[in-house]
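Q: Sequence:
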Amino acid sequence: MQRATLEKTIYGVSLIGVLVVVHLWLMVDRGFDRGCFGFSAPTAVVECEAVIQSDAGSLFGISNAVWGLLFYLGVAGLSALVAFSTGFGATARRLRHALIGIGFAYSAYLVYVQATQIGQWCKLCLISAGIVTVLTLLTSWQLFSKQPDA
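Residues 1 to 150, numbered by the numbering used here, are exactly what the sequence shown covers, in order.
Note that these hints are calculated values from the structure, not bench results. Incorrect hints may have been included.
Label pairs and their calculated CB-CB ranges [unchecked claim]:
#1 G87 <-> D55: 18 to 28 Å
#2 Y112 <-> G87: 37 to 47 Å
#3 A80 <-> D33: 30 to 40 Å
#4 Q2 <-> D29: 36 to 46 Å
#5 S140 <-> D33: 37 to 47 Å
#6 F84 <-> A115: 25 to 35 Å
#7 R34 <-> F144: 35 to 45 Å
Source: prediction; values computed, not measured. Even for Gly, the Cβ is constructed at its ideal location relative to N, Cα and C.
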C-alpha cells in the first residue's frame, strides 16, 4: 500500500470513529431509549447503559465518549498534518503512533473490564475498540514496512 493511500485510509477510519463516538454520545444523552444503536426498543437493562454508567465509563471524571471524541479528532488532525505538512509531518506521524498506541491499550483495558467485571457488552464501545484496532494495524503496517512516498 502506498504511503498516500495509507494516510488517507487512517484519516478516513478516524472519521468513522468520530461518527461512532458522536452516536454513542447521542444515545447516552437520550438514555438509550431505543437501545444501543437507537433503532430498537431497549431491554430492561440496556447493556450499553450499564457499561457507560459503570466505574469504567469515565476516566478522571470525564466520560469515555468525550475521551473517544478527542482521540479520534486527534488522530484525524495529526493525519492531516502528516499529509499536508512538509516540516512537521514526521513528528506528527510519531505523535499519531503514540496516540494510537495509548488508545489501543485503553480500549483493550475497557474490553477486559466489560468481560471480567461488568459482564455486559456495550456494542458501540466494541465497535470503537474495533476501529482503534484497525488504526493500530494500519499504523503498525506503516511503522514496520518500507513504503514508497508517492
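Q: Each hint should be assessed against the structure and marked as holding or not.
A: Evaluated hints:
1. For the pair G87 and D55, the supplied restraint of 18 to 28 Å is violated, since their beta-carbon distance comes to about 43 Å.
2. At about 40 Å, the beta-carbon gap between Y112 and G87 stays in the expected band of 37 to 47 Å.
3. The hint said 30 to 40 Å for the Cβ distance between A80 and D33, and at roughly 36 Å that hint holds.
4. Separation of Q2 from D29 is about 41 Å and conforms to the stated range, judged on CB atoms against 36 to 46 Å.
5. S140 and D33 have their C-beta atoms about 39 Å apart, which keeps the hinted 37 to 47 Å range intact.
6. Remark: the range hint 25 to 35 Å for F84 to A115 is contradicted by a beta-carbon distance near 40 Å.
7. Our hint of 35 to 45 Å for R34 and F144 holds, since their Cβ atoms are close to 43 Å apart.
Consistency with the previously given hints fails for numbers 1, 6, ordered from lowest to highest.
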